[in-house]
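A.B. asks: Protein chains in written order, with this note's numbering: chain Y, 1 to 567; chain V, 1 to 393.
The set of hints was computed from the structure by calculation and includes no laboratory data. Backbone N, C-alpha and C define an ideal beta-carbon position, used for all residues, glycine too. Careful, some of the hints might be misleading.
Listed below are the simulated SDA-like cross-link pairs for lysine to any residue, each with C-alpha atoms no more than 25 Å apart in a straight line [what the hints assert, rightly or not]:
hint : chain 1 : residue 1 : chain 2 : residue 2
1    : V       : 105       : Y       : 42
2    : V       : 393       : Y       : 63
3    : Y       : 347       : V       : 51
4    : Y       : 347       : V       : 285
5    : V       : 393       : Y       : 50
6    : Y       : 477       : Y       : 427
7    : V       : 393       : Y       : 60
8    : Y       : 347       : Y       : 373
9    : V       : 393       : Y       : 153
10   : Y       : 347       : V       : 393
11   : V       : 393       : Y       : 66
12   : Y       : 284       : Y       : 369
13   : V       : 393       : Y       : 144
14   : Y       : 347       : V       : 282
Chain Y stretches covered by chain V per the calculated footprint, using a threshold of three residues with CB under 8 Å from any CB of chain V [as the list claims (entries may be wrong)]:
hint : region
15   : 161 to 170
16   : 230 to 238
17   : 300 to 306
18   : 350 to 357
19   : 498 to 511
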Amino acid sequence: MSHEGRVLRGVVLAVVVLGLIAPIALGLWQTGRAAFGILPALGRDTLSLEPWRDLAALPGLATSLRLTLVTGLGSTVLSLLLATGFCAAVHARMSNATGARLLTPFLAIPHAALAVGLAFVLAPSGWIARLLAPLAGWERPPDIATVNDSWGLALMVGLMVKEVPFLLLVILSALSQIPVARQMAAGRALGYGRGIVWIKIIMPQVWPLIRLPVWVVLAYALSVVDMAIILGPSNPPTLAVALTRWFSDPDPAMILPASAGAVLQVVLVALAVALLIGAEALGKRLGRWWLRRGGRGLSAEPGLWAASAAVVALMAVGMLAMVSLLVWSLAWRWSFPQIWPESFSLKPWAGAQRGWMRALGNTLVLAGATAVLSLALAIAWLEAEDRARRSRAAWAEALIYLPLLVPQIGFLYGLNVGFLQVGLSGGIWAVIWAQALFVFPYVMIALSDPWRALDPRMIRAAAALGAGPGRRLWAVKLPVLLRPILTASAIGVAVSVAQYLPTLFMGAGRVATLTTEAVTLSSGSDRRVTGVYATLQAALPFAAYLAAALVPAWVHRNRRALSGGVT
Amino acid sequence: MKFPLALALSLLATPTLADWQETLEAARGQTVYWNAWGGDARTNAFIDWVGEQTEARYGVRVEQAKLSDTAEAVTRVIAEKAAGQDEGGSVDLIWINGPNFLAMKEQGLLHGPFVADLPNARYLDLGPTSPASVDFTVPVEGMESPWRLARFVFSYDTARVAEPPRSMAEFLPWAEANPGRLTHPDPSNFMGATFLKQALIELTPDAGVLQAPVTEAAFAAATAPLWDWYDALRPNLWRGGETYPANESVQQQLLNDGEVDIAMSFDPASTAAAIADGLLPESARVFVPEGGSIGNVSFVAIPFNAANKEGAEVVANFLLDPATQAHMQNIEVLGSFSVLDPARLDAAAKAGFAALPSAPALPTLDALGPTLLEPHASWMTRLTEDWARRYVK
């Protein structure tokens, strides 16, 4: 390892540990203290279990826990099954590029915006019901709980509309590392059906490559707040929503049991991940026995088609939701059972203009700053790995994923107190920092694989021509990697735009972004204004993805080998 | 000259004028972060207007920190206190009342008393039992300044409902005849809690006990008829009482969507305003129970560690200006009733109120009937806790 490599590595590690890991640890420490009765601001300074007793006595806690587990685990497992089934059914028929293009809108739209649209599409007075109303003869919307239902089904649908495309993308990128066509041919020749080859041969190779992203999905689904407020049950809500409510209870003493609940939320996610690890171990044992038995089994074909149909249905509902946002933002009166607005108006756009212009400005600044900072850090990290000629240790991978696995509610209140103590809160910098905690991991994950896939011969050729490490980075690696770098930035922008809790807590409510405004407005009665914000909120990441696709195509318009080769 | 001479002279006569001049000078150039519930577009627009006015007149900018729940601002101040940030805090002004005010007052999180120092406080009736001096029976003691009147009202669509219920007791047979067409916001939201309080006041044998802090014995006796009524009502609520809208705005949307027949609000003008905004059908109207309905006053308070206290006081004072109050009461602007005492207004100010336009769905003060007093804040906390214990499973 060169001296320079070691220095760079040290600096990057220090920035990551101090800038990203320390705040989370600090936040967890503060929350943990409050969970055991220590909150000096309220004059509480003795260690006690009282917050836990209070938490246990809160009505509906058991139901909240059950709901959280059912919706979180349920949506993740179902999404995984559907995504796998869909991949098995269509993988041979669709190129990765087409797939990615189809998935982009779903990846780009923030959870909150999608939830607002879905709430309208699925509601008993919503779009689907309005389409059915003439057939069913409904003059009034039917009294059925199709959103905010007490089982959390609408919430699960909402989560799946976001999770299935994400998992599809992850699986597709994993599949590009496996000789699927050859193994499929071999499997078919041995008399296995298509679906069985997929289950017995392909997925066992895919799983290690997608394990971490699945954990991230699971952690997210178990602790989501914005989507659960809009689509989930309310009486009682899921644990994360209940916690957000308790943290903002008029009685400040509620912060203590709320903190205990936040710790419980962290434990819940840890348990769910442990459950997944246990299932994997069990699957390995049973799977081996099952493989060696060599049964050619029944055809899995109907299952694959059912999964594909379900995925298409989810996408259709998601598409309807996105379109409904745009239509609402242009509507004036649009009441049940009208399928199309009775009158249109630009008033929602014009009336809220001052508000959305400012929110858009803040959102752009935050997204730009966090994406650039995260990208710089990610490139520095990857370059340091190159110069040190080392692959990534497991602990380093864990560091990257940590912010995505620890529930936000578990450390944000504590982190806010920590930020305040060092006099850094309420400003745009505090929000940039807090958002970067979540933007950096995604940028890092998105950039790692393409970076490693870079053809080493190019670097060697550059080195042989006398280019030092700096020149190799600037003149070879970065230009060649332009497309994945821009894609990673677009992902960074999308993640930044979607951040709700960090912006709210660290910005002290002063930094209004499209997302904070959309979630606040979705607690109001004006779908049209909510539609304005949600449309912008969805458009921004989409524009970033579009730029990430068009800019390299233009820059590399006379470089055939670079136009679409490395992604 | 904007102010009539008499007004200017009376300003000079105010003993605190010199102090107020200092406040105005210190406030110039400050930006006041007004933390206010952001779910109502008209209120947001009014706050924007206030900011434009105070910037032009006093050089004080106003930024609204939009909250989805007032308690967020309270939590923020507590977090700042937890971090030892006793000055330069991020919250300058809070739209507050009831339990949030009680919590902040008890925790010593408020700046003040400051109301008596505001020149425009002379238009207020600050007698010890006046609505501007008592917030949910808790004495205000100058720690928060009133800015708009709130009255609990129901709204309904006359095209769907011929006869709305005339009392809380009548909601029961009405819901039996119209199952699934009635709901109320979740009681963890103040509007849902107010629905329960309105029913409690009408159904309890002696409403007088509600004015004192709650005790276990009094609570059991006072609420027994309420729970009997609610147990009978709940199966006929929207979605069988399994779920509730998050707040009154969501419920208004349900009314507009035709999912329910009745919505509720703390603002008698909200129905007319919503019609003008295309958010309710033209046929929507307001009704109140015959015995009257709960009323209270919305206040603004300043946290103990606010960075821009002087600017916040200037905004609080501007809100009490008769011209501001008349602008606010204009149905085309906000439609909220003024908190000023009409007896203390001069002829010009009175004429300003008299000249305001009307709207078909805007009830007159007479049609709203008598104002019922808010119970002591501890009742609301106890009531929502008990509701949750009974019905959150």
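A.B. asks: A separate judgement is required for each hint: does it hold in the structure or not?
C.D. replies: Each hint, compared with the structure:
Using a Cα cut-off of 25 Å, the hinted pair residue 105(V) and residue 42(Y) holds, with the two alpha carbons roughly 13 Å apart. Of the supplied pair hints, the one linking residue 393(V) and residue 63(Y) holds, its CA atoms being roughly 7 Å apart against a limit of 25 Å. Between the alpha carbons of residue 347(Y) and residue 51(V) the distance comes to roughly 22 Å, so the proposed pair stays at or under 25 Å and holds. Annotation: proposed proximity of residue 347(Y) to residue 285(V) holds, straight-line Cα distance about 24 Å (limit 25 Å).
A distance of roughly 22 Å separates the Cα atoms of residue 393(V) and residue 50(Y); the hinted pair therefore holds under the 25 Å criterion. Among the hinted pairs, residue 477(Y) with residue 427(Y) is inconsistent with the structure: their alpha-carbon atoms are about 36 Å apart, more than 25 Å. Distance check on the hinted pair: residue 393(V) and residue 60(Y) sit about 5 Å apart at the alpha-carbon level, within 25 Å; holds. In summary, the hint linking residue 347(Y) to residue 373(Y) is not supported, as the alpha carbons are separated by about 38 Å, beyond the 25 Å threshold.
A C-alpha spacing of about 18 Å is found between residue 393(V) and residue 153(Y), which places the hinted pair at or below 25 Å, so the restraint holds. A distance of roughly 43 Å separates the Cα atoms of residue 347(Y) and residue 393(V); the hinted pair therefore is violated under the 25 Å criterion. At roughly 11 Å between alpha-carbon atoms, residue 393(V) and residue 66(Y) fall within 25 Å of each other, so this suggested pair holds. A hinted pair counts as satisfied when its Cα atoms are at most 25 Å apart, and residue 284(Y) with residue 369(Y) does not qualify at roughly 44 Å.
For the proposed pair residue 393(V) and residue 144(Y), the alpha carbon gap of about 20 Å is at most 25 Å, so the pair holds. For the given pair, residue 347(Y) sits about 18 Å from residue 282(V) by alpha-carbon distance, which is consistent with the 25 Å threshold. Proximity of the region 161 to 170 of chain Y to chain V, defined as three or more residues with a beta carbon under 8 Å from a beta carbon of that chain, is not established by the 0 residues found. Only residues whose beta carbon comes within less than 8 Å of a beta carbon in chain V count, and the region 230 to 238 of chain Y has 4; three or more means the coverage holds.
Coverage of a stretch by a chain is defined here by at least three residues with a beta carbon nearer than 8 Å to that chain's beta carbons; for the region 300 to 306 of chain Y and chain V the count is 0, and the condition is violated. With a cut-off of 8 Å between beta carbons, the region 350 to 357 of chain Y has 4 residues touching chain V; three or more are needed, and the interface restraint holds. With 4 residues bearing a CB less than 8 Å from a CB of chain V, the region 498 to 511 of chain Y meets the requirement of three and the coverage assertion stands.
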